[in-house]
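Make the full structure from the sequences, and use the hints.
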Amino acid sequence: MDKRKYVGEAIPRVEDRRLVTGTSHYVDDIRLPEMLHMVLVRSPYGHARINRIETAAAEAMPGVVAVLTGEAIRGRIKSIPCASEMEGLKVPEHPVLAVERVRYVGEPVAAVVAKDRYTAQDAADRLEVEYEPLEVVVDVERAVAPGAPVIHEELGDNVAFVLRFEGGEALKAAFERADVVIEQRLVNQRLHPVAMEPRGVVAEYWPGEDRLTVWSSTQIPHLLRTQLAMMVGMAEHRVRVIAPEVGGGFGSKLNVYGEEALVAYLARELKKPVKWVETRRENMMSTIHGRGQINDVRVAVTRDGRVLGLEVRILSDLGAYHQLLTPGIPPLTGLMLSGPYKIPAIGYEIVGVFTNAMSTDAYRGAGRPEATYVLERVMDLIARQLEMDPVEVRVKNFPQPEEFPYETATGLAYDSGDYEAALRKALEVVEYEKLRQEQAERRQRGELMGIGISSYVEICALGPSAALPAGGWESATVRVEPTGKVTVLTGASPHGQGQETSFAQLVADELGVPLEDVYVVHGDTAVVPYGIGTFGSRATAVGGTAVYEAVQMVKEKVRSFAAHLLGVDWEEVEEGVGEYRSRRDPERVVSFQEVAQAAYLAKSLPPGVTPGLEATYFFEPSNFTFPFGTHVAVVDIDPETGEVKIRRYVAVDDCGRVINPLLVEGQIHGGIVQALGQALMEEVVYDEWGQLLSGDLSSYAVPRAGDVPWMETARTETPTTVNPMGIKGVGEAGTIGATPAIVNAVVDALAPRGVRHVDMPLTPEKIWRLLQGDAKA
Amino acid sequence: MKIAGKHTVIAERREVWQLLVDPEVLRRCTPGVEELRAAGDGRYEVVMRLGVGAVQGRYEGRIRVEPEVPEVVMKLEVEGRGPQGIVRGKGALRLEEENEGTEITYEGEVQLGGPIASVGQRMLQSTARMLAGQFFTALAAEAAARQRAQATGQPLQPPKHGIFRNLVRFLWSLLKRWFGR
Amino acid sequence: MIPSAFDYYAPKTVAEAVALLQQYGEEAKVLAGGQSLLPLLKLRLATPRVVVDLGRIPDLAYIRQDGNEVAIGAMTRHETVEQSEVVRRHCRLLAATAATIGDVQVRNRGTIGGSLAHADPAGDFPAAVLAAEARLKVVGPGGERWIAAEDFFVDVMTTALDAGEILTEIRVPVDSAHTRSAYEKVRQKASGFALCGVAVRLQLDENRRCQGVAVGVTGVGAKAYRARAVEEVLRGEALTETVVVAAAEKAAQGVEPSEDAQASAAYRAHLARVCTRRALRRALAEG
Ligand SMILES: Cc1cc2nc3c(=O)[nH]c(=O)nc-3n(C[C@H](O)[C@H](O)[C@H](O)COP(=O)(O)OP(=O)(O)OC[C@H]3O[C@@H](n4cnc5c(N)ncnc54)[C@H](O)[C@@H]3O)c2cc1C
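Protein chains in written order, with the working numbering: chain A, 131 to 907; chain B, 199 to 379; chain C, 251 to 537.
Think of the hints as simulated: they come from the structure by calculation, not from any bench. Some hints here could point you the wrong way.
[Unchecked claim] In the DSS-like style, the derived pairs of lysine-lysine whose C-alpha atoms are separated by at most 27 angstroms in a straight line are: (1) Lys245/A x Lys500/C; (2) Lys204/B x Lys500/C; (3) Lys896/A x Lys358/B; (4) Lys896/A x Lys500/C.
Take a look at the structure:
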């Protein structure tokens, strides 16, 4: 009898009611008695010496409790941590408040604490900081050029690291053998992650208990706790971190920020709760940025479109300091440079560069969108040069299903995949042949219509601990309460992904209980066993697997108790939905609740079984997973204004087994929207003076509902063998797959006008300029 | 952000130059100046209220005027800081004799920093143009006042530019109404 | 995102409001829908000591036909202008323009008077009132005066309003059976404001010859302006495609287009031509 009724169903999220009705609790909703408010004074200069900070006027204002400068707290709060390790990596000191120098616009210089936010802001405005402006460098190429201002003088120059992956003789031979060599510079511009909820922190300290509680809008409560304890010098077990409702992160909250340590420190010093909530402008200035790579690509190809070798030089704009994973992101691009293709020889060099800008770090996709962008632009460039159909070039270079597990030249082992199947399915949905015909006809009429394809493979379910700086496993506890209600504790920290629903589906099915009887708890280090968090499309594949394994253990115990209550051997217990029956005597039934109660009352225990009904599992994945898919975009370009309209969008994604198709679709949709933002609209702009010109939402364009096309989604389902449920992960797929599909479509539309490549974002003006050039030519 | 423009002042080049190096004149003509103290060597310390429409802020800073070619080219540097951020500008004025007076061409670069940088940059160019326009209009009035004083032998009555600006605005709209269509 | 302190006044009449403005001078700011002022307050880019809220003055929000004009109270919300039967029937251009402003929340708060008084160089209503040849009623310490729309916009965010004056009413001549109008806008992607917006209003005779025309352009220069050069080409002509194209070419004549991180001067000037052409075509296609 198949008892499953939830897994695989499109069940609306249990989270949504509270979110939509505005009744859930974000950091800003936390209000404690006598709470103080912190406001930060931030550098208006991109690079300057701090000569003097005059705090007296601010301190004298009624209601002001404390004014902190970097100098004043020197040594009291440790440097903001960087978890990435790499040979030869330069790690500059990164104080929570700048000392002597500021290195980017928005760098915190002083903290003002007052009885309310108004007073704190007034005092912050009164603070006098005397700066001596220094030469600024925001352009990576200029930053590595001789004579550039050095951002961290003690480090010698602006190169934080050079990472080489040698292609060796094989690569050399590939280029010698090549019929065609194509070279192209591809830029992945800096982006603002723009989570709907900016960051925020509240901290409260109980001196009697020596207990510090920190509420933070974070994706990684446990890792944050460990780091905070070290930064402010407390024993880890005295610190409790709670991630309440978190309004999106996209990687920007997979971090440890100075403000978190400052608020914690202040709460402990002042013995009063302290709150800081980021404004949107602070969010744009001083929450990590994403991407920021210049990729110089060379590819060796045979006449019939087979890729022999790929060489990429990556210049990565790290910003002024390392945040948690800053130097760790560009290497992911290197690692993924084979994409879904059989590329026999690959070589790359990554140069990580300091600039007078906010740090870059993990932003949805984190290194993989850049790799996919490189490959998918390259595939189109090859097609263009060899006058082949872009489909044909891709198919020619895919590994075949029987070639899995497939080992890439960059050293990854793809466990499973059928890349051509996903591509074919996408072409079928979009009716590729018909579209090409239509395009030919419309081109005759001078219209600009383009079709863009992007096939991708991503690396998900991060990941085997050996490959990650802080461990890549995940924890889960499944506890059946005496009343038969089920509590699931997960070390993952969902913040919009919907695991409160999907984990409940999984557990409800396994235990045969109603969905509403399962309550998923996350994001509280005092409640949940140590966990890693939610990022890298890992929460379901790794965290979900931990839940799955824990529930198996609980089931075992449930069965023992059921057998004991029924007075039979456990082999003779037949599991029904919410009840257990003796096979020999079907009249004898015990309910799930009765079993739960018996386990806690423990009047009579089955031999060798302990009381209680709870199990904890730490799941360590043996490998990453490698979801894949193909996206197709069809665009029309207004030849007069240069505006791009996405007429159709088809996404075929393979994320393995699906627990809830609604959630999967939601992730794909959101990912595509963010990709569209990068492809067409978004760009962090610093002027040559280091000023952030894209520092608010009236100058930084994120897609709105009206910019988003109708998205047609379909799936292929190739379960992974890496975990028992066959789940791969889907959180970043949309962002990874969609960006190049859109860019390829636009370039395709412009091809008749001689355009071979355009750098993102493909703004109307940029396109208009290209069309102008054509008119003149 | 680059800005450039020209204005004609009905006065001899030498006279215009004299006006430009007179701190009192600068104080009166520079829009929004509340205080201006000569600090020697072509440097001035200023407090300005700058802005446009509802966006208004107080800035403290420095102006540096450097005659590069006396009576012909003057270099200018302004930097002001306030709670809203930093305004800085750098440029040059070039004076050329024209039939009826002196043509002043300006060219420079203005930048905003800090909190106002991203919101303000959209208006920066037009605001800078407007402020430059106000400055030169005021300068022209100063020149006219001097000429009047000289012609009549009366003591110099420095013009009040706020009122003057409104007058210009009013006259301008009248003119447009009469000749506009 | 915390305003600095200010005193808040909610006068009940225009006269009281004017008196408050007179009393506090440059220290005071009028508050209408708050959709432009509140963000500036929160960013502390505007720090008035006194805020005078017009929201409690009972009759500043109305739309009524008065002879051959439609009178719109300054506090009328964008959404009301968009939905109003009177506006839709008698000055369609304003309803069409209102529909393109911001999002529904902004339209439900923002007012036509605030939009005009703010004189954002990329605001939509300024183009529409220019093309509609509206006149604006202003009340100040010296009583009331009327200002033609064209004289109202002086420079970037600067209007003909004096410090103590309040804009109270907008009057637009009613459409006739021969009136054609359209508003064509290219949005700045981040803010939704007009990178370029062109409003046209034509009076045609039986032979579709252009008897009257007004073209308002926003987003391009420091302020919204009448595209006189375009109007001259159109006036008296039979509006063929050739005439439309030739006229539109002059859409940015005589203005210095702005340049910023969002668009170059050249692109803005280009958009002025494209939007003018499209607006004219759409107006003519109206019927
Ligand atoms: C997210 C967003 C998007 C927007 N998008 C657009 C858009 O696409 N197009 C567009 O045109 N606008 C847009 N706006 C602006 C919106 O239209 C504003 O409503 C309008 O610019 C100002 O009107 P208000 O009533 O809100 O005025 P307020 O913000 O209250 O006031 C604005 C200024 O005008 C002054 N003022 C207001 N009323 C009067 C009066 N009667 N007499 C004298 N002075 C007065 C105030 O003192 C203040 O200086 C947007 C705003 C937001 C927040």
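If you test the structure against every hint from before, which numbers come out violated? 1 and 3
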